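Just so you know, the sequences run in chain order H and W. For what it's worth, UniProt numbering labels the leading residue of the first sequence as 1, then goes sequentially. For what it's worth, UniProt numbering labels the leading residue of the second sequence as 1, then goes sequentially.
Simulated from the structure, these hints should not be mistaken for lab results. A quick note: this is a predicted structure, and the numbers were derived from the prediction, not measured. Everything hinted at is true.
To give an idea of the chain H side of the interface with chain W (calculated C-beta under 7 Å), a few residues:
1. T71
2. I73
3. R97
4. D112
5. I113
6. L121
7. K124
8. V125
Pairs of lysine-lysine, DSSO-like flavour, derived with a Cα cap of 30 Å:
9. H:K124 / W:K12
10. H:K94 / H:K134
11. H:K329 / W:K257
12. H:K134 / W:K16
13. W:K91 / H:K90
14. H:K31 / W:K257
15. W:K16 / H:K124
16. H:K134 / H:K123
17. H:K123 / W:K257
18. H:K94 / W:K12
19. H:K124 / H:K205
20. H:K263 / H:K252
21. W:K91 / H:K14
22. H:K31 / W:K91
23. W:K16 / H:K123
Glycine is no exception: its CB is placed at the ideal position from the N, C-alpha and C atoms.
So the chains spell out like this:
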Amino acid sequence: MSVIQVNQLRKVFKVQKNREGLKGAFQDLFKRQYNHVAAVDDITFQIPKGEICGYIGENGAGKSTTIKMLTGILVPTSGNIEVNGMVPYKEREKFVRSIGVVFGQRSQLWWDIGVIESFQLLKKVYRVPENDFKMRLNEIVERLQLSEILNRPVRKLSLGQRMRCELAASLLHNPSILFLDEPTIGLDIVVKTEIREFLKEMNQKYETTILLTTHDLQDIEALCSRVIMLDQGHIIYDGGLQNLKENWGKGKEVHFQFQKSYKLPQLHELTKGLNVKWVKENEMTAKVWIPQNEVNVSDVLSRIVGFTDISDIKIFETNTDEIVREIYKSGSAEKPKEVVVSNV
Amino acid sequence: MYYASIFTDYFKTYLKTRMTYRADFLIEVVTDLLFQLTNLFFILVVFLHTSSLGGWSIYEMLFIYGYFMIPYGIFTCFLNLWSFNERYIVKGEMDRILTRPAHNLVQLVLENMDPASLFGSITGFIIMGYAWLQLDVGFVWYDPFVLVLMVIGSVLIYAGVYITITSLSFFSDSPTGITPMIWNIQNYGRYPVDIYNKVIKFTLTWLLPFAFVGVYPASFFLDKDISQGFALLTPVVGIVFFSIGFVVWNVGVNRYKGAGS
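Kindly generate the complete structure, drawing on both the sequences and the hints.
Okay, here's the thing in structure tokens:
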């Protein structure tokens with residue numbers, strides 16, 4: 001069962017063209033010219049219940065616009081959306097009670113009052129019964145370790161503390177879908193990890209469907225079983241992260257640190273018959289390039305390890321950052337080109 | 001019931017915030033009253049030079065002025081939309097409003113409540129009461145009920161006009177200048193409309209019906225015949241204009257474009 005269904009969704013913004021200079025400004029005053037920019041251009045996807053889906057793309061690719069249409073903030077120019085069986089912008093008030101929203105750049109909480117008081121207010125707004133609220137609050141407070149900061153006004157919280165509170169606020173009414181727009185932006189690694197763990201747990205425990213946009217691919221790697229990649233309003237990739245890596249990652253590179261010096265021909269001899277490339281770095285170290293789907297890393301290792309004295313082995317994989325950078329650059333995920341293997 | 005309950009909670013929140021910044025609160029009340037009193041002073045100065053203005057005596061003028069202050073105070077208490085464009089459109093806070101399960105306009109009302117301006121209404125009531133005592137217009141048992149009805153009508157007119165104007169923010173990027181202009185026109189409503197020329201009178205009656213927030217309803221109690229019939233129209237005009245505002249607003253919300261990010 002898909003809880004989110006998006007069909008040929010489009011959103012076009014009318015943007016005024018500003019002509020240059022003072023003369024242009026005068027012309028603009030009397031006769032305006034507009035550009036029509038399709039921020040989201042004909043996208044279609046379904047998200048089943050309980051899935052965590054990552055929504056990625058460069059700045060201005062249309063991620064936030066999609067999220068805003070899915071949450072009922074914006075009205076689409078054309079196309080259909082159905083979330084939780086409702087059309088978001090048509091029955092906003094009823095619809096938003098079944099979803100939770102966190103915008104990383106914007107606060108849901110009241111600036112001047114204590115966090116707990118914001119929660120109480122939200123409880124009223126979302127009509128959460130007292131008992132449910134208490135149970136839910138206790139669970140979240142304990143899980144996110146909020147008890148110390150519950151009575152502080154929001155304006156006195158650090159970004160990490162605030163973000164945890166935002167997350168708590170969005171979950172008080174036990175929404176079945178959670179929309180997160182850059183939830184980890186600007187956070188340190190500890191808080192990021194904490195938030196990821198928390199989201200994973202909520203997803204497993206309550207089958208909360210989560211759709212998140214992010215620029216931090218570690219969020220995606222830690223959380224998402226599926227990624228949708230957007231470029232200039234079009235979906236350029238929709239599928240598993242593993243799949244993306246397999247298609248785009250071209251292979252692995254293994255670095256060997258030997259205890260004594262080996263010559264290249266000796267190494268070639270050891271891996272005879274395997275399509276691998278050896279490069280000698282210096283006297284004691286060498287690296288081997290193992291193409292994906294052709295040669296197994298374990299085959300290579302078993303041949304080398306038994307016959308040489310090795311002090312250290314490092315295996316490098318094309319990392320997601322690089323894969324994604326390549327895709328952004330080429331603007332399409334369909335035809336993988338040569339990807340440079342990281343040497344970090 | 002639901003809205004009454006969240007109203008109470010938002011109101012408590014308002015009080016809590018205000019108590020944190022109490023100096024600010026006091027200053028606001030005082031400046032508000034000072035502003036109103038300057039206007040009052042202006043009327044008094046005019047009557048130092050003449051004993052009647054287009055057939056209206058000083059107490060009648062004070063009565064109208066007092067009445068005028070009552071709906072205005074209530075309106076600013078609940079529909080404080082001055083900073084709407086800047087805060088909700090430019091900064092995109094409308095996003096947050098639209099993802100909460102209460103009507104967006106109600107949420108705006110609740111978030112921008114300004115009960116301090118009710119002091120203006122109280123002052124107006126006192127001025128009106130004082131003028132009433134000075135005038136020989138009598139007092140009928142149904143007068144208080146009519147007053148309540150009139151005030152509701154006037155508040156709805158304010159609400160309707162300003163909601164419509166504020167909705168322009170959804171259609172145009174920066175509709176500056178219109179609100180202050182309307183605000184200036186509204187102040188004409190506290191003087192008897194028959195002292196203006198026909199065009200202005202027509203405008204104030206049917207286009208921007210600010211005559212209905214001051215002189216018409218007040219004249220009902222003064223038994224002035226210029227607007228007896230019109231006075232009773234106040235609630236009707238109120239409902240009509242409020243409905244227009246509400247419809248325009250809802251159309252506008254669907255054109256909301258969001259901001260940035």
